[in-house]
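From first to last, the protein sequence lines stand for chains H and E.
For the first sequence, the residue numbers in numbering that gives the first Met the number 0 are 0 to 283.
For the second sequence, the residue numbers in numbering that gives the first Met the number 0 are 0 to 283.
Hints may be right or wrong, so weigh each one.
All copies of an identical chain are treated as equivalent in the list; a pair is satisfied when it fits inside any one copy or across any two copies.
As the list claims (entries may be wrong) - Under the rule of at most 30 angstroms between Cα atoms (straight-line distance), these lysine-lysine pairs were calculated in the DSSO-like manner:
| hint | residue 1 | residue 2 |
| --- | --- | --- |
| 1 | K104 | K198 |
| 2 | K244 | K198 |
| 3 | K99 | K200 |
| 4 | K99 | K203 |
| 5 | K41 | K99 |
Keep in mind the hints are simulated off the structure, nothing from the lab.
Chain residues, written in single-letter form:
Protein chains: 2
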Amino acid sequence: MPSAPAFKTSPTQGLLAGPDVDLASIRPRSTPGFSGGKKKGKAKLAEGNAQLSDLQEKLFAESRFGSEISLLVVLQAMDTAGKGGIVRHVVGAVDPQGVKHYAFKAPTRAEKRHDFLWRVRKQLPGPGIIGVFDRSHYEDVLIQRVRGMAEPATIEERYGIIRDFEAGLTESGTRIIKVMLHISPEEQKERLTERLKRKDKHWKYNTGDLDERQLWDEYQVAYQIAIERTATPDAPWYVVPADRKWYARIAVQQLIIDALQDMQLSWPRADFDVAAEKARLANS
Amino acid sequence: MPSAPAFKTSPTQGLLAGPDVDLASIRPRSTPGFSGGKKKGKAKLAEGNAQLSDLQEKLFAESRFGSEISLLVVLQAMDTAGKGGIVRHVVGAVDPQGVKHYAFKAPTRAEKRHDFLWRVRKQLPGPGIIGVFDRSHYEDVLIQRVRGMAEPATIEERYGIIRDFEAGLTESGTRIIKVMLHISPEEQKERLTERLKRKDKHWKYNTGDLDERQLWDEYQVAYQIAIERTATPDAPWYVVPADRKWYARIAVQQLIIDALQDMQLSWPRADFDVAAEKARLANS
Numbered sequence: 000m001p002s003a004p005a006f007k008t009s010p011t012q013g014l015l016a017g018p019d020v021d022l023a024s025i026r027p028r029s030t031p032g033f034s035g036g037k038k039k040g041k042a043k044l045a046e047g048n049a050q051l052s053d054l055q056e057k058l059f060a061e062s063r064f065g066s067e068i069s070l071l072v073v074l075q076a077m078d079t080a081g082k083g084g085i086v087r088h089v090v091g092a093v094d095p096q097g098v099k100h101y102a103f104k105a106p107t108r109a110e111k112r113h114d115f116l117w118r119v120r121k122q123l124p125g126p127g128i129i130g131v132f133d134r135s136h137y138e139d140v141l142i143q144r145v146r147g148m149a150e151p152a153t154i155e156e157r158y159g160i161i162r163d164f165e166a167g168l169t170e171s172g173t174r175i176i177k178v179m180l181h182i183s184p185e186e187q188k189e190r191l192t193e194r195l196k197r198k199d200k201h202w203k204y205n206t207g208d209l210d211e212r213q214l215w216d217e218y219q220v221a222y223q224i225a226i227e228r229t230a231t232p233d234a235p236w237y238v239v240p241a242d243r244k245w246y247a248r249i250a251v252q253q254l255i256i257d258a259l260q261d262m263q264l265s266w267p268r269a270d271f272d273v274a275a276e277k278a279r280l281a282n283s
Numbered sequence: 000m001p002s003a004p005a006f007k008t009s010p011t012q013g014l015l016a017g018p019d020v021d022l023a024s025i026r027p028r029s030t031p032g033f034s035g036g037k038k039k040g041k042a043k044l045a046e047g048n049a050q051l052s053d054l055q056e057k058l059f060a061e062s063r064f065g066s067e068i069s070l071l072v073v074l075q076a077m078d079t080a081g082k083g084g085i086v087r088h089v090v091g092a093v094d095p096q097g098v099k100h101y102a103f104k105a106p107t108r109a110e111k112r113h114d115f116l117w118r119v120r121k122q123l124p125g126p127g128i129i130g131v132f133d134r135s136h137y138e139d140v141l142i143q144r145v146r147g148m149a150e151p152a153t154i155e156e157r158y159g160i161i162r163d164f165e166a167g168l169t170e171s172g173t174r175i176i177k178v179m180l181h182i183s184p185e186e187q188k189e190r191l192t193e194r195l196k197r198k199d200k201h202w203k204y205n206t207g208d209l210d211e212r213q214l215w216d217e218y219q220v221a222y223q224i225a226i227e228r229t230a231t232p233d234a235p236w237y238v239v240p241a242d243r244k245w246y247a248r249i250a251v252q253q254l255i256i257d258a259l260q261d262m263q264l265s266w267p268r269a270d271f272d273v274a275a276e277k278a279r280l281a282n283s
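Starting from the given sequences, assemble the full structure and let the hints guide the process.
This is the structure:
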């Protein structure tokens with residue numbers, strides 16, 4: 000089923016960020032691998048959503064017949080970069096039954112009493128489920144690094160702990176995709192301005208966002224290091240240019256579609272005698 | 000914002016099932032309150048989804064500013080009645096961030112060690128969230144009654160426990176809507192036949208469904224009693240004719256829309272100095 004507007008190079012190749020990533024060289028307004036503009040992007044989104052919905056149903060169906068596989072999408076970004084829009088417009092196309100979405104906030108007092116992965120483990124997707132982390136354990140090496148909320152040695156340790164954690168997840172059947180939505184400070188300024196202008200957007204505005212904004216460069220460094228240290232073949236990072244919302248959405252959508260297609264999902268074969276059931280039903 | 004195709008009588012009035020309900024008199028193929036057919040129904044669904052999405056965002060926004068209210072939709076039905084379709088096509092229109100969906104299965108051994116509401120309490124929606132129960136604590140007075148899985152006296156007790164439980168929820172800010180999707184045995188037969196015919200539907204077929212089907216009349220009695228005993232003004236039951244999928248979807252959608260509209264949601268007022276933030280942002 001070839002789609003009308005398509006990626007020339009899939010984001011799975013084109014946006015892959017390995018240990019040698021150079022964040023500063025990636026242009027937030029670019030649209031790698033896609034030649035159309037906003038209009039074609041929207042058509043692609045609609046078409047991809049149908050594809051995604053189909054693949055998700057197979058993933059879910061297989062789990063009802065004993066498959067243990069699942070998918071985990073980690074979304075990380077500066078404020079206003081569009082995590083929410085991805086959740087609404089891409090993840091939202093999928094049957095709610097097959098999605099586990101969780102937004103990590105600043106850790107509570109109870110959460111702080113445990114190791115930093117404790118709360119993360121509780122939100123992992125079960126078999127057949129697409130898990131979506133809006134922020135994640137990466138906050139523990141991003142804001143915590145930038146803000147000095149943990150000892151440098153502790154932060155250093157965490158990269159390895161995260162790699163091991165993710166390797167374990169992969170081994171137990173959870174495919175992982177890690178996405179950094181990459182926006183420019185100029186674009187963020189516009190989006191924050193919009194939130195302040197519209198009364199129906201005030202609720203999305205957080206005065207703390209401006210404090211983080213002052214630390215823009217420090218965050219870029221923290222992201223750069225996090226990706227360098229935790230990009231592995233099994234739990235890859237993708238840097239998605241996000242100044243154009245429509246592009247970020249179709250790019251993440253394609254990453255999810257590619258991952259699911261790579262799982263070679265199929266409709267489970269009946270584990271019952273179809274003919275016998277037909278006869279039973281006819282007589283009921 | 001008047002919609003083109005609309006209910007003459009809203010399901011909130013028309014489908015309300017009080018303690019005097021007579022389930023047997025409600026025709027599963029009927030489409031109470033709606034004069035159009037399938038085509039108009041689909042238009043209504045699309046339009047209602049936009050409305051619903053808007054209302055949900057306000058509910059969610061208010062919770063960010065201290066509101067504690069939430070909505071809980073309980074879905075109960077015979078197999079194939081369309082719970083899944085409601086979740087996919089109605090609930091699916093809402094931002095996944097604002098939805099907590101949970102499908103209750105047969106209780107696990109661990110769950111059985113607790114009172115029957117224990118596992119239910121853990122799945123309640125938090126502030127600002129629309130909770131959707133696909134099956135619920137009502138299984139404990141439906142299948143458990145029909146199958147004699149608990150002592151009659153225990154079952155009897157449960158109606159009162161449920162009423163108290165739901166009254167407590169309402170008091171703490173959770174609005175409750177209880178829906179029984181009402182299909183006919185003939186329609187169920189067709190839908191099961193379809194599942195057996197199509198290889199991509201086999202995974203939805205459960206040989207146990209036919210066993211429950213043999214107990215159709217007993218289930219109707221159990222539903223009738225459950226509604227009689229637990230229909231309260233604060234936690235109302237609605238019996239939704241469900242032989243026509245399109246109708247059941249717009250009816251449940253309208254029930255949710257009406258409940259949210261009745262909450263008189265509005266965009267929260269900024270709890271910060273908008274002008275000061277604008278100035279700070281401009282200088283950042």
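Going through the hints against the structure:
1. Taking identical chains as interchangeable, the C-alpha atoms of K104 and K198 lie at most 30 angstroms apart only when both belong to the same chain, with a minimum of 24 angstroms there against 43 angstroms between chains.
2. In the homo-oligomer, the alpha carbons of K244 and K198 lie at most 30 angstroms apart inside one protomer (21 angstroms), although the nearest pairing across protomers, at 38 angstroms, exceeds that limit.
3. Within a single copy, K99 and K200 get their C-alpha atoms as close as 26 angstroms, and across copies as close as 23 angstroms, so both meet the 30 angstroms cut-off.
4. Proximity of K99 and K203 under a CA criterion of 30 angstroms is satisfied in both settings, with 22 angstroms inside one chain copy and 21 angstroms between copies.
5. Proximity of K41 and K99 under a CA criterion of 30 angstroms is satisfied in both settings, with 25 angstroms inside one chain copy and 28 angstroms between copies.
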